[in-house]
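**Q** First residue of the sequence shown? That's 1 in our numbering, and the numbers climb one at a time after it.
No lab work stands behind these hints, which were simulated from the structure alone.
Idealized CB from N, CA, C, for every residue including glycine.
Be careful, since some hints might not be right.
Ranges between beta-carbon positions, derived for each pair [as the list claims (entries may be wrong)]: (1) G18 / E38: 31 to 37 Å; (2) V49 / G117: 27 to 33 Å; (3) L74 / E38: 33 to 39 Å; (4) P9 / N82: 39 to 45 Å; (5) A110 / S20: 18 to 24 Å; (6) A40 / Q120: 18 to 24 Å; (7) A8 / E38: 37 to 43 Å; (8) D107 / A70: 27 to 33 Å.
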Amino acid sequence: MTVTEETAPASHYDRIGGASSVKAAVDLFYGRVLADPELAGYFTTVDMVGQRRHLTLMLTVVLGGPNEYAGRGLAEAHQPLNIPVEHYVKVGGHLTATLTELGVPADILAHVQTVLGEVQDQVVASGNRPGV
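Based on the sequences and whatever the hints tell you, model everything.
**A** So this is what it looks like as structure tokens:
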């Protein structure tokens with residue numbers, strides 16, 4: 001009789017290829033965002049090396065990878081920018097397009113989109129939310 005160990009299902013992070021895949025996604029994502037004339041202005045004075053590292057750590061956590069993020073919270077970082085919902089939606093669209101281009105499975109895309117919906121109120125300025 002053979003005893004088999006139950007193994008935990010692979011995290012989304014592991015399923016897409018881990019750190020190197022997340023880094024590739026972040027690089028492609030910021031290429032899209034910085035080429036978007038409606039969004040590029042948010043980053044004119046931003047250290048993009050640090051910004052890429054920051055998003056890599058956050059996306060790693062969202063995908064179930066190791067949590068090494070120790071930065072500011074989403075609201076603290078984004079509320080001063082007065083981001084309208086239309087720009088948030090565009091950023092989410094760029095992230096979804098990036099992950100789709102990289103062949104990320106549909107269930108992982110759906111998870112990322114769910115998280116984007118859950119954190120929207122932390123990023124979008126309160127006066128820029130529908131119904132507010």
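**Q** Broken hints, numbered, in rising order?
**A** Number 3 - this is the single hint that the structure violates.
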